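> Each chain is listed here by its residues.
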Amino acid sequence: MSATFTIARRELSSYFRLPVGWFTIALFLFLCGCVFGLVVLAPGRIASLRAFFGGAGWILLPVVPAISMRLFSEEMRSGTIEPLITSPVREFSIVLGKFLGAAAMLALMLLPTLLYAGVLAAVSPRPPEAGPLVAGYLSLLLPGIFYLSIGTLCSALTNNQTLAFLATLFILLALMLTSALGPAVAPISLQPVLAWLSFDSRIQDFAKGVIDLRHVVFFLAASVFPILLAGTALRARRLG
Amino acid sequence: MLEVREIHKWYGPFHAVRGVTFAASRGQVVGLLGPNGAGKTTTIRMITGVFPPSRGTISIDGLSIRADPEASRRLIGYLPESAPLYPEMSVTGYLQYRARLFAVPSADRTGAIERALSLTSLEEVRHKRISALSKGFRQRVGLAAAALHRPGLLVLDEPANGLDPTQIRQMRETIRSLAQDSCVLLSSHILSEVELTCDRVIVIASGRVLADGTPAELRQRHAPESAILIEIADAETTAATIAVRSTPGVAEIDPGPSENGWRTLRVRLRQTKDASPSDQLAAVARSLHNVGVVPRVLTPDAPGLERVFHSLLESSAESPGAAA
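First to last, the protein sequences are chains A and B. Using the working numbering, the first residue of the first sequence is number 48, and each one after it goes up by one. Using the working numbering, the first residue of the second sequence is number 325, and each one after it goes up by one.
Careful, some of the hints might be misleading.
Covered stretches of chain A, as calculated for chain B (at least 3 residues, CB under 8 Å) [as the list claims (entries may be wrong)]:
hint, segment
1, 50 to 57
2, 97 to 110
3, 165 to 177
4, 258 to 270
Each computed SDA-like pair below joins lysine to any residue, with the alpha-carbon atoms no more than 25 Å apart [unchecked claim]:
hint, chain 1, residue 1, chain 2, residue 2
5, B, K459, A, E121
6, B, K459, B, E555
7, B, K452, A, F63
8, B, K452, A, K255
9, A, K255, A, L220
10, B, K459, A, L65
11, B, K452, B, G476
12, B, K459, B, R496
13, B, K459, A, T127
14, A, K255, A, S95
15, B, K452, A, E121
16, B, K452, A, S60
17, B, K459, A, R124
18, B, K452, A, S125
19, B, K452, B, G486
20, A, K255, A, L162
21, B, K452, A, R64
22, B, K459, A, K255
Hints were generated in silico from the structure; no laboratory data involved. Predicted, not measured: the structure shown is a model, and the values here were computed from it. The C-beta atom is built at its ideal place from N, Cα and C for all residues, glycine as well.
Could you put together the complete structure from these sequences and hints?
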């Protein structure tokens, strides 16, 4: 486990040593700032960050692939994958370490947006409530972690960062569309299954301020599958 | 220490490595020598566990790299070709990261890093970013990272690639000092470098081992002809040629062109059981002395590894199935 955290720590720190990491953070915060300023701070609205969380959820769609695209693709392109996979660390520890590093980056990227809650509290007669605030952040963090797991898998499959980015974005958009429209347009027999698989409805629940443990488990469990596949991809690479 | 037995590697229909077998022990510097595309890097990647052989076995200190991958990898230090590193990290930051990956105990970590920095003369750039280092320094960082956990087997793929002559000499000295505790396996296509650095040379071409032995053994086995170079006054050419030709063991004399009144004779010698090359040199000197010829130069013209290498490649091209 210590090797996993070693890899996670290196991964996290590399985002802050490279321009691409700072650019991603800056872009995310700029877009979030726009949503907050234009939608949440509009005069006459109640003190709620719900609209912000809804907007930020969409911003995550291109931002998360930007975080995950280099996880393995860059290592494969530059050749650093060789010293890494010849170290005495299991494939799944490597994948988990990289994924955790990226997840920590996502969490740190969300951290400055807490300022918006402070601003809202300062300018509004009724400060935002803590419960919906926590649920709102879970509506960003948990799907974000799930998106990252898909990004990790895509990055483990190619040495081309652009391809990893586009593949992740495409899969996420396809999942979002299926999730949002699937239950409505699918045959009746499939609708209960699609409704259960839909993460859009779960995100909506969080946005409403509902913290349902089943939704938490759903997103975490859904993240495991791509991570296992990424580990298998790395293992297949090692097995030639 | 390292035992490689009958390893093969196929990339689809392409048979890249064909039954490579050898063993190496601690204290040895073994060179894998071969032209580009010979199968050196593929062999090295199989030994270090980048991918397994399609067939055959590799073990390190009795641990199979297939059955005990983590334990056997702990015994290996690997410097891949062109020393891939994380440019955004500092030298010590990278070494700390590698030490943690190889589970160097925290109490020993600082000492291990200091030792690796000192061994590779990186102390002055320890806090620099890797992206700010020259090619030679980066190669040394890669070597320091490979040697950090004191591996029993150090595998270096083309360690002298892209280095200038001074850096190559420094790299050679570092490798020799590392070989005191470890078995060093290095690949190279630079013949002179292999000859100067390695105790033992394994020549590979088309995925096969063509020869295996010390440079002296290879010279004797695969380029047995030795020669002597004599430089004499032009006027004494005839007398010297007659005298040398009558010396036992002399096969042929190739006279060179005359230059400023001096001429070089290349005397090719037959290999005999009774006389060593030094004895034959002494006999030629005596013959010249007997006819009153005093040479300006009298020196053995030993065949270099280059001649061995070309002779092996030529014979392998003539009979592709042959391996020694």
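> Confirm or reject each hint.
These are the hints, each one checked on the structure:
Residues of the segment 50 to 57 of chain A with a Cβ under 8 Å from some Cβ of chain B number 4, which satisfies the need for three, so the listed coverage holds. Counting residues of the segment 97 to 110 of chain A whose beta carbon lies closer than 8 Å to any beta carbon of chain B gives 0, which falls below the threshold of three, so the coverage claim is violated. With a cut-off of 8 Å between beta carbons, the segment 165 to 177 of chain A has 0 residues touching chain B; three or more are needed, and the interface restraint is violated. Coverage of the segment 258 to 270 of chain A by chain B is violated. Counting CB-CB distances below 8 Å, 0 residues qualify, and the rule asks for three or more.
For the hint pairing K459(B) with E121(A), the CA-to-CA distance comes to about 20 Å; that is within 25 Å, so the pair holds. For the hint pairing K459(B) with E555(B), the CA-to-CA distance comes to about 43 Å; that exceeds 25 Å, so the pair is violated. Restraint check for K452(B) and F63(A): satisfied, since their Cα atoms lie roughly 17 Å apart, inside the 25 Å limit. Of the pairs offered as hints, the one joining K452(B) and K255(A) is violated, with about 50 Å between alpha carbons and a cut-off of 25 Å exceeded.
This hinted pair checks out: K255(A) and L220(A) have alpha carbons roughly 23 Å apart, not beyond 25 Å. Simply put, K459(B) and L65(A) have alpha-carbon atoms about 21 Å apart, close enough for the 25 Å limit, and the pair holds. Using a Cα cut-off of 25 Å, the hinted pair K452(B) and G476(B) is violated, with the two alpha carbons roughly 29 Å apart. The hinted pair formed by K459(B) and R496(B) meets the criterion: a straight-line CA distance of about 16 Å does not exceed 25 Å.
Restraint check for K459(B) and T127(A): the C-alpha separation of about 16 Å stays at or below 25 Å, so the hint holds. Between the alpha carbons of K255(A) and S95(A) the distance comes to roughly 11 Å, so the proposed pair stays at or under 25 Å and holds. Pair hint K452(B) plus E121(A) holds up; C-alpha atoms about 22 Å apart against a cutoff of 25 Å. Distance restraint check for K452(B) and S60(A): the Cα-Cα separation of roughly 16 Å lies within the 25 Å cut-off, and the hinted pair is therefore satisfied.
Proximity of K459(B) to R124(A) is assessed by CA-CA distance (about 18 Å); at most 25 Å being required, the pair is judged to hold. With a CA separation close to 20 Å, the supplied pair K452(B) and S125(A) stays within the 25 Å bound. Under the criterion of a C-alpha separation no larger than 25 Å, the hint pairing K452(B) with G486(B) is consistent with the structure, at around 21 Å. With a CA separation close to 21 Å, the supplied pair K255(A) and L162(A) stays within the 25 Å bound.
The suggested pairing of K452(B) with R64(A) holds, with an alpha-carbon distance near 13 Å, which does not exceed 25 Å. Our distance criterion of 25 Å between C-alpha atoms is broken by K459(B) and K255(A), whose separation comes to about 56 Å.
Against the hints set out earlier in the document, violations occur for numbers 2, 3, 4, 6, 8, 11, 22.
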